[in-house]
Every structure is written in C-alpha cells, then in structure tokens.
Amino acid sequence: MEMNQTRRIVLRGAGSIGALSALIMAGVLKPTAAYAADWNKAAFEAKDTPAALKGLGAASAAESKDLVLKVPDIAENGAVVPVDVISNIPNTTSIAILVDKNPTALSAQFSFANGALPEVSARIKMGQTSLVKAVAKAGDKFYIAQKECKVTVGGCGG
Amino acid sequence: MKNYIVTIPAAVAVTALLAGCAGGPSRSEAEYRQLALDTIKRDFQAKGQAKYERLTADELQQACNAHANNPPPELAAKLAGAQLATVKLPADDKYLGDWKSGEKIAQSGRGFTWSDKAENPAGGNCYNCHQIGPNESSFGTVGPSLLGYGKTRGNSPEMQKYTYSKIFNAKAFNLCSEMPRFGHAGALNEKQIKDLVALLLDPASPVNK
Amino acid sequence: MADPMKIRAQMKGDVAEIRILMSHAMETGQRKDAAGNTVPAHFIQSITIDVGGKRVVDGQTGTAISRNPVFGFKMKGAKAGDKVVVNWVDNKGDKRTDEATVA
Amino acid sequence: MKRSIVMATALTVTWSLPAAAQTKDANAEFEKFRAEMEESNPAELFELKGEELWKAKRGPKNVSLAESCDLGQGIGKVEGAWVKMPRYFADADAVMDGERRIVWCMTEKQGFKFADIAKKPFQGANDNNAPDITNLVTYVASASKNMKFDMPLHDDKVRDAYETGKAMAAYRAGPYDFSCNTCHGADGKRIRMQNLPNLSSPEGALRGVQGWPGYRMTGGVMLTSQWRMNDCFRQQRFPEPKYASQAVTNLIAYMTGNANGQMYKGPGIKR
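Protein chains in written order, with our numbering: chain A, 1 to 158; chain B, 1001 to 1209; chain C, 2001 to 2103; chain D, 3001 to 3271.
The following block holds chain A by itself, in its conformation from the complex:
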C-alpha cells in the first residue's frame, strides 16, 4: 500500500521546466541548484587520488577509525559496487568517495546540513581491484579511511 502511494507521488513528480520554475518561485529550490555550474572540475577530473584530494582541499587528510567505510572484500560485479560511508566524527559536514585505480579517482562528494546525518550509501563502478577511500570533512579538518575491494572475472568468460 505504502509503495503504491509513493509511486503515485513519483508519477506526479515535477519533471517539466514549468514545474521546476514553479518550485524555484515557491522558494523550494534555489535557482543555483538547478545548474551544475559549481561542479568541482579540478577534483572530479583528477586522474589520481592525491590530485583529487588536492582538488577537494583535503591533501592533508588524517586517517581516522571513526570514519566507517563499508565495501565488499570482493565485488560481485565491478559495474555496481555497493559503498556505505558513515562518519562518527563530530561535526562532519561532508563525505567523499574515491577509488585509487579508476581513471578518475573521485566518485562523489556529499555535503550535509539541516539534520542530515553524515552518512551515505551509493553504488560505484570499479575498473579493477583497488583501494576504495572515504574522506570526511569536520570543521576545517579532513579525515580518511580506506579498504581494498577485489574485482574478479565471472560468468562464462565470453
């Protein structure tokens, strides 16, 4: 029952430009939110983790056990690797996910406000076995955690 209600709401979802403008006018969305202009190009296009961290301003991130990174030891499929990050570091305001050996290391970064808990679950692509890293920002300091995830061959080898 609950699912059906959700579905109906989604189907009524405001997909058109008109509806979007209405939301902006209603003050639900800030106009800036509708454009990806503030996308951190330097960080997202960085080829390796050090450069991506620099792009995030997190070059000096310190290892922390209070930053919990959950990824499988072995990925069932490198195209869809589940990643959960939970920060137990007080005053965490953002979390980023990186994969050392991907062509571009940075996968995503999320900032939290207004009651959002500093945790995220996402699914990412991995081209090969690699260290996966989570970076959290708390105050003006950065923290890092890492775990290896193996990517294997499977299926009928075709």
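A hint or two may mislead.
What the hints assert, rightly or not - Capping the alpha-carbon separation at 25 angstroms, the derived lysine-lysine pairs in DSS-like fashion look like this:
(1) Lys1117(B) / Lys3120(D)
(2) Lys3120(D) / Lys3055(D)
(3) Lys1047(B) / Lys3120(D)
(4) Lys3120(D) / Lys1051(B)
(5) Lys1041(B) / Lys3055(D)
(6) Lys2074(C) / Lys65(A)
(7) Lys1078(B) / Lys1151(B)
(8) Lys3119(D) / Lys1117(B)
The set of hints was computed from the structure by calculation and includes no laboratory data.
Model the placement of chains B, C and D on the given structure of chain A, informed by the hints.
Positioned in the frame of chain A, the structure of chains B, C and D alone reads:
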C-alpha cells in the same frame, strides 16, 4: 587411464520429483522426448554462425539422449571405438606446446555462439569448468580440478598422448562425458591442443608448481 | 525528457531514511559502442535533496557512479508528511526533479 | 565484451589464499550485500513504466491491457498472476508463460503486430530504454511479490508443457554436445565463479525462476525469463529459440513446476 576422468552423472534422479504431484504425466518418456525434439525443430531458428543443422543430434548425441547418457554396453563399445578413431594425433609425434599460450587458450570462453564471429578462433573454455592454474581463482567446477595434473600423473609420452586425445575427443574415453570434443568439433587446432597439453603437463607450467 | 526517479522516504524512530533510484545512463566517456566509437560522457553532476523546504544534502558526482544510480541518506528532524524534493542535473544540462512525502 | 565498466582491460587478480577457500568466501561476501542491493533495486524504475503502459490505451485498437488482458485471474487483474503462470489459456488454446501471455494480449487485444514486438524483444547492454514488453513484464511480476509459485501442474496441458520442457532440458546437440542439464543438471556446480542451479531440484528450480525479470548489473539493463532462456541457448551453442514460442514456455514450465510452493520475491537484481 580412465579413472582419472570424473564422470558427471547427468539426468540424475529426475523422477523422484514427480512423486508428489497429483496428475502424473500422460505420455511415456520416449513420447515426451519426441515431443521435445519436434518442439525444438519447430521453435528454433538459425542465428549468426549457429545454423539450424546444429539442432540435429549426431549418432553419439542421439545415443546419449535416448539412454539418459548411459547407452547399453554393446552400443557403447561400438560408439567408443568410433570416437577414438576420430582422434588425429600430431604427425610430428610431439605433444608439448607452449604452456603460456595454453593458459591464454584455457582462459578464453569464446567460440561457436551465435554472437561469436565464425572466423575468430575459439577458446578452450577450460576455466569455465575446471580449476587449472593456481593464480586463477575464478574457475568452474563442472569438471574435476586439474591443478597439479602433471605433477601427480607424470609427463610420460603415454600421458602426453592420452591428454592430447582427451582434449581432442573426450567421448573416446567417457562416452557421454559433459566435455566437448574440441578437436573433433574443430574448435581447437593441433597447435592449440598442444599448448593446452603443455599447460597441464609441462613441469615448468604453474599448474605443476 | 529524463525518466522519473523513485523516491522512498520513511521514518524509522526519529530518523528519516531516504532512498533514491534514478534513471540515467551514467556514461563514462570511455566506453566504446559496438561500432568501436567512443560513447561521449553523459553523467549526473549534481544532486540536491530538500526536506520540509530545507536543503539537507548537496552532492556532486562523477563518471564512476553506476548506471541507474541508487543513493541512500538519513536525517533527523524530519517528520511524516514532510515533502522531499530531489533534483539532479547532468553534464549535458538535462535535469529532473521529483518529490515524495515522508511516510 | 561483457562488462562495460570504466575500463575494458582484462582483469587479473592475484591471491594469497588457496583459491577454493576464496571462492567460498567470495560467494558469502556477495550474499552479505545482496539484501542491500535488493532493497533498492533499479528494477523498480522499469516497474513504474510498466504500470503506466499497462493502464494506458495503446495500439491500433486503442485499448489498455488493464481493460482487456486476462492473465488467468480475470481481466486486468495482475495481483498473483505471475506466480500462477505458465497456465493454459483457452482463448489462445495454448499453455503460456507470463511474457508470452502479455505479448498475446498486445497483439490480440491492442492490435500490435507480433513481428514488431519480436524485432527487438530484449534490452541490449547499455541501451537506454527497455522494450515496452520488458517494462510490462516487470510490472506484472512485481504484483506477485512475496507470493508462492502455484503453477497448475495438475492440468494435463500444463503437465505436457512441463514434461516436454524437462525432455528439452536433457536434449544434447550442437558442436559442444551441450544440453541445459550439462550445466544445470547436478548440485553444487559452478561456471567460473557463478553458481549453477540444478533445475531438477526444488531449490535449484527456484533459483532458476527467482529474481526474473531481473535488473542485470552488467550493462545496467532489465531482462526477462525469456531473455534468460535465449542467452542460455546462445551459450549452449544452439540456434536461437524463437521469441515467445512454445519451446520457451515449456522450459519455464519445467522450472516453475519444480519451484512450486516456494516464495517468489519479485523482480530481482542479477550479476
């Protein structure tokens, strides 16, 4: 030699399942086999290199199909002889190729599907069903593990010849084996089979380390 | 036009769990099609979530997010009936906004 | 070719543990994340589209399936229909699986041409959209979530489809001498890392029908049981089973019959 080969009992105990059902089958097994064949011939179509003719079972396949992979002894003996006769041994009497190349062939699962190009060489599909080298953890278990194959069996000329023949036509040694007849089917050529023999028997191959 | 998202927002105790499914190709720009041509990068770059009229998550994403992205977030301070508005924008300027109600 | 992930390089992994132990661990590891993966399954996106399609007036006859299509539980009724098919439909005088039945409704009730549906019935890897029929199947299947398989095997015609499917599964031919049972006739077998269900056992048959239609992580596409059968025959090195043919229904009947009495969890997520 024969006891090195693990037979996979196919069509095991299929009847047990039906016991609990209310209405049983209304025809005999042979009738359903015929119905299955008629349905396949009607409802399948050629695609890519997978031509319609592939649906027709050859003499050996027919015997295995008709007797649940266990043909009566007389028929089996006749067919086994015919299968052994298909094995073409190398003219130069050399069986050990290059194990490194053999590993690549063993890794490849390509060949003979309707999405494979007919002109591209087929792979051995070996890891699909067998554990072979110690560095490949993604291996199948339809066939027995071949890790240490040469270490336990030695590398005698007879063993080389047997291994070559087994890959060429597994049915010569185990009539309704699940393993394809790679040489007989034209999937692997002489050089490729020699390379696979080397992968399994060469003392330098990681399989035997 | 982009396909609708599916948003589920549910109170579990005093925490609202928000799960979002998005319909997007998330092309990396490195994949080649059957003809051998590189498929141009096409991926979501920005994701925002507003609950009860307040911005709670502001995210940026790259090409390594899986096709048909799935995200999960949690928040405190929300209540049943609050409106959840999720918005994404991709590198080609395509965008989509959908909403749901916290249950 | 199989994976369209970030890089197309061949993947080689070196291990320090004995390989067999790792594989066992690997499958346990996959299972740990399975519940989470299933909880938020992109299949739901296809289900949404399927529901819209089911209710929309479409085709040359401009009627909806909701007002014209009987999946065996009454016109337009989708709840529980999926787990009770294949079944015999008198109006078509045939035993049909769910997908075949929806195709029949689309051609007979809505006036679509079969050839148009059969031209590209499955979503290709990395295709942006699934065919309408796939979305419809996903919607109909989702309406049997958490219900038990209950194919009417006591019906003689269904029984014939089941028995014929069983015999088809044992039929060996082609260049590699394969049958369905070569891979799916015994317990505890794997192709590479992939576990192979034994379709003759209740547990294995359930795994054969569970999670279909399913969202496939490889290529990020939604695929149906009809596709699963089709791709098995590709790997069996056979010619292709015709789309929505009796042959495919028979095989689905064989698996569903063996899975009877067990719970269907709805559209799944596949490797």
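Status of the hints after comparison with the structure:
{"no.": "1", "hint": "Lys1117(B) / Lys3120(D)", "result": "holds (21 angstroms)"}
{"no.": "2", "hint": "Lys3120(D) / Lys3055(D)", "result": "holds (23 angstroms)"}
{"no.": "3", "hint": "Lys1047(B) / Lys3120(D)", "result": "holds (14 angstroms)"}
{"no.": "4", "hint": "Lys3120(D) / Lys1051(B)", "result": "holds (20 angstroms)"}
{"no.": "5", "hint": "Lys1041(B) / Lys3055(D)", "result": "violated (37 angstroms)"}
{"no.": "6", "hint": "Lys2074(C) / Lys65(A)", "result": "holds (21 angstroms)"}
{"no.": "7", "hint": "Lys1078(B) / Lys1151(B)", "result": "violated (34 angstroms)"}
{"no.": "8", "hint": "Lys3119(D) / Lys1117(B)", "result": "holds (21 angstroms)"}
Hints 5, 7 from the earlier list are contradicted by this structure; the remaining hints agree with it.
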